[in-house]
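S.K.: Put the two chains together into one complex; each comes in its own frame, and the hints tell you how they fit.
So the sequences go chain by chain: A and B. The working numbering puts the first residue of the first sequence at 1, with every later residue one more than the last. The working numbering puts the first residue of the second sequence at 1, with every later residue one more than the last.
Note that these hints are calculated values from the structure, not bench results. From the three backbone atoms N, C-alpha and C, an ideal C-beta is built for every residue, glycine too. There may be inaccurate statements among the hints.
Below, simulated DMTMM-like cross-link-like pairs (lysine to aspartate or glutamate); rule was C-alpha separation at most 25 Å, straight line [unchecked claim]:
#, chain 1, residue 1, chain 2, residue 2
1, B, 63, A, 453
2, B, 102, B, 125
3, B, 63, A, 463
4, A, 85, A, 50
5, B, 63, A, 339
6, B, 102, A, 245
7, B, 63, A, 439
8, B, 102, A, 444
Here are some chain B residues the structure puts well away from chain A; computed CB gaps all over 10 Å [as the list claims (entries may be wrong)]:
#, residue
9, 4
10, 33
11, 39
12, 71
13, 84
14, 112
15, 130
16, 136
17, 149
These stretches of chain B come out as covered by chain A in the derived footprint (C-beta under 8 Å, 3 or more residues) [what the hints assert, rightly or not]:
#, stretch
18, 19-28
19, 61-68
20, 138-148
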Amino acid sequence: MTSVPTAAEGAAQRPEAIDRRAIWLSYAYALIAGLAMGHFLLGLPIQLTDSFGNMLKLSGSWGQLLYGEFTQNAYLRPLLWAHLKLIYDLSDGAYFTWFRGVHVVQVLTLAVLYVALVRPRTLLDAAVLPFGLAVLFGMHTFAGTIREAFPINTFMTILILCLAAAIVALGPYRWWNDIVATVLFVVASLTVETGLLIWVIFAGAALVGGRGLSRVGLAGLMVLLAGYFYIRFVMFDVGSPGLVERSSGFGFGVLDPDDLVARFGGNPIPFYLYNIGTSAMSVLLSEPTAGVFRVTAAIGRGDVGVQMIMNLVATMSVTAALAAFVWRRRTEWFARRFERDDRLVALFVIVLIANAVISYPYTKDVIMSPAGAFFAVAGFVALRNLIPALPSRLAPETAAMAVAAALIVSGTWAVRVIGTHLNLRTGAFVERNEWVYAESSLADEGIVLTDSESQLMRQLRDDAIFVHPPPPPLDPPLRALFASQ
Amino acid sequence: MTIRFPVAIALALLAPIGVATLVMLTVAAGEHTGATPFAGLIPRNSAEAAGLGRAAELLRFLKAGQDPRAVYSVRPEILSSAILRATTVEAAMWSRQVEMIKLLEREGAIDSGEERTALACLAADLKIDDVVEHLAPDGLIGCELGQALARVTARTTSAGSQR
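For reference, chain B alone in the conformation it holds in the complex (with noise of 0.2 Å):
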């Protein structure tokens, strides 16, 4: 059977568009039927959730009742493939987002003692000026460089070596 010329050149027009529109309605009807075909990545926790810079599901988790202070698993490719487990506000610095701070302090997650000291200098550890500038204003005191992060990927490591 052969096409005419035509009617191929009115095919060729329909195809692209023709997958383009059957993409996009698989994306609504899945996502409908409760798949998610072509997602990207979706937060399973507090500390995903502030990693990947997504605050209204960091609130959302929030207030379903997730601790901000309380570690949990965290994909390699949200922080770090070295950095697994982290709390929420510790995963909140590599969203290198200042306003997701001050969020997390709004919500109580972040006390004015020690645990803002230690944040500050993982603030330091990776070089986020503006995070370390608003946790400790009056410069950093007792952080010594490198110690901070090392602190979080230790737990990661020591999380693996139980395994």
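Isolated chain A (complex conformation) (with noise of 0.2 Å):
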């Protein structure tokens, strides 16, 4: 049966009964849309750039592989290359399966967990999970995540292991939550930086009265972070991405490492500082994306697309639910008395913050991902909490202006999902197009690849272009509207 709080009970007061028709609705359709995106995946073959140089690496030996990413500059990553030379060695050689296999995987995982995270409980709850999940699928922060892989997408792994922190740390305490949070974190911040938010989603989650793990448990993972910086710092020298590392956003264009060098060689703070505002900013309102202020820039040349202001409508809207929901809780908020739908807000807020310092080198969309999923999380569980508060009667023409609002947010919501996937379908194109051209490109640049290099290039060419061929492009209606999602 459905219970719904009335305003006065104020939001976030969850109801106590559980329709379990809800949560089987919830699962079912975050498996459908995860399956549907799936299905988009499998056309994109093994990308050429950023996995054939890749997979060449992890034909060397374990222990080659490991030590030199223990000893190299600038990153430390050992487990995302133990991750990827262990579906080499699994896969024996029929690479597309196992690797667009583990992809789809993947995104049926969080899916899933971003249900088990939210919770879904009423009738109501799972008619806005949907909502929930477009957000997640439909963020810009989102698209790095299915659209490369390495070949595979390691910030996917790090989102699916923030939510499965996320689910453990505002869970009850089990004896083994201690466990599977050390796990978490090593996996984590060997992986890639911003898994080092494993550690801020566990401590965050304490802070807002979260009891997934033990004190003991928490100050163990204190202790692995401070490992961490240890090993990277003083131990293996590693240290961290400086300016000539990569281009990266700034104003309303992109600098090259030459230029960042000339502009904030002397002093690179307020680029990070900018780094740092921007990354945020650009999860609260999709402007800038990637550190570039895209939409000013076409604002000031007087070309805004339509494009730009439904991105710009959609994510406003969200945050502007999240808004709603903070000043409707400001009295518990203040006086710390937290429901778990207060604490999955506040450390959407948490990770926001902290991912967007952890982004402090150098911007890109993808980074932002962590964030950019827990803002799907905020934004379902602020809107769940935000409808039943609603009166149960309007006037007409309110009540009518009010649905066409919502209709015109979710509309705005669906074209960037459908944007995500043609987005994909597109990219099915070009990854085959550059395989076709692998070898001369090659040439080109003088690269002589050795007999066995040669097989591998040839294996994964005639499995993107003869063996997995294209899917059919796609051209639906109104398709400028999705063109720049």
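M.R.: Written out as structure tokens, the structure reads:
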């Protein structure tokens, strides 16, 4: 049976009664949405860019691979390579099946974990859940977790680990939670730098009343965090990325490493602050993206596209819902009386700040994908609390306008989700074309492959062109709306 | 029956996304069963693949045995409504990609004699400078403006009159 709280009870007072139909419907929808995306993911071949070079590296021994990762400069990502190497070895040459299959399983896992974290309980929750998943899959920060692979997308791995960490941190205490937390932190932090967010999630959840971990478990994570910095900066002297590592968005354009050094070489602090600020803004407003104020520039030029406006409307509407939720709950927040939904929203704020800080060296949308995922979690939570608190009856004109506004907001996210799928289909053609010209491109660059390297290239090329041919191109009505999603 | 306002808002949030999911599912299910809902242009032969700039599909047609020098029917929306019959290398000009020409060259579809000159003339008629430069690095010899394009167009006209 469904029980909906009245407005007087206030937001975040979740109903006691759980409608099991809502739970089943929510998981079923998440799996269906994940499977639809999985179908489009399987249209992508293993990429030439970013994947072929990595796969050559994977053909070496485990020892060489891991030793090299602990002793390189700027990045400490040994488990990223261990993860890739494991799948590479397991695949026994069936690279497409394994690497693309893992990506699909990751998307399904993420969708299921999202539902497990937000815990839909009523049919109204179940009705709003597709909106939450649309925010998850439609965010610009999410696109990089599916459009690319190396040949596994490690950012997607981190997303999964982050949601799993939040489930453990906010759930009831069980003796094995501390062990799970330790494993999650070690795997994530040694996979890619944003994995440090696992510590933030456990610490942040504890700060807002999450009791999933014991004090010993939290202390253990603290020691592990200190150990990470010791290993990175003292033991192996890996350091952190400097200005010369890669290009980064700044203002209305992208600066190359040389430009960055010329402009900020003397004092990079303003650049780092810019990156932190714009990374957070990117999640809350969809502007700037990757550090570049594209919409603002378009407004200046007087050529703002419909897609740009839709992106802003979509993201800002969720941000507005979050703000409304926090405002309604301000008394409880000041008194530190957090319900589970308060904790989820607060956790989003904490992850957003920490994720933005981790992004200090350079801006890239996908680096903010954990904050983007928690934005989707918090957005759903805010809506499921705000909607039941709305008045039951309104004047017909007011009600019609409000429903129209909800349709528009939902429509913008629908467009973004379709855009995510179409982007994968476009990628299916782009990646295959790259494989067609792979050998000539390498020859033009004067790169000579060994026999075994050539053999791998031919196999991946044949896989992409002949064994797994491109799926049909899509040309849906209103194609222009999705063009830049 | 009246719908409570909160329920109406929840349904309004659900509807567009539900439709979007349904569309994506239809595409996925359709493609698994051999249908192609919302599909754009799918090339039917190597000339169409070349004209659309779809290099991977072009290679698939060539591997399946299609002759790059043979004349194929091409739908009007691919090259031009005036050109409905073309060889693969001719059609490749309309992709305006020098890489596509080089690919056909590597596949043995362009020899070094008269055929190459004729293609360079066609590229000149279509004002594709990088292709002209690639096919005739020493400059165009024996091209009369518009003649190569007229020759390709004439093939369509003659096929039409024969019908």
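S.K.: Now tell me, hint by hint, if it's right for this structure.
M.R.: Here is what the structure says about each hint:
1. B:63 x A:453: Cα-Cα ~23 Å, so holds.
2. B:102 x B:125: holds (19 Å)
3. B:63 x A:463: holds (14 Å)
4. A:85 x A:50: Holds, at roughly 15 Å.
5. B:63 x A:339: With a Cα-Cα distance of about 63 Å, the restraint between residue 63 of chain B and residue 339 of chain A is violated, given a limit of 25 Å.
6. B:102 x A:245: violated (34 Å)
7. B:63 x A:439: holds (17 Å)
8. B:102 x A:444: Status holds; Cα separation ~12 Å.
9. 4: Nearest chain A Cβ is 5 Å from residue 4 of chain B, so the label is violated.
10. 33: holds (12 Å)
11. 39: violated (4 Å)
12. 71: holds (24 Å)
13. 84: About 21 Å separates residue 84 of chain B from the closest Cβ of chain A, which puts it past 10 Å; holds.
14. 112: About 18 Å separates residue 112 of chain B from the closest Cβ of chain A, which puts it past 10 Å; holds.
15. 130: holds (14 Å)
16. 136: holds (20 Å)
17. 149: holds (27 Å)
18. 19-28: With 8 residues closer than 8 Å to chain A, the stretch 19-28 of chain B meets the three-residue bar; holds.
19. 61-68: violated (count 1)
20. 138-148: violated (count 0)
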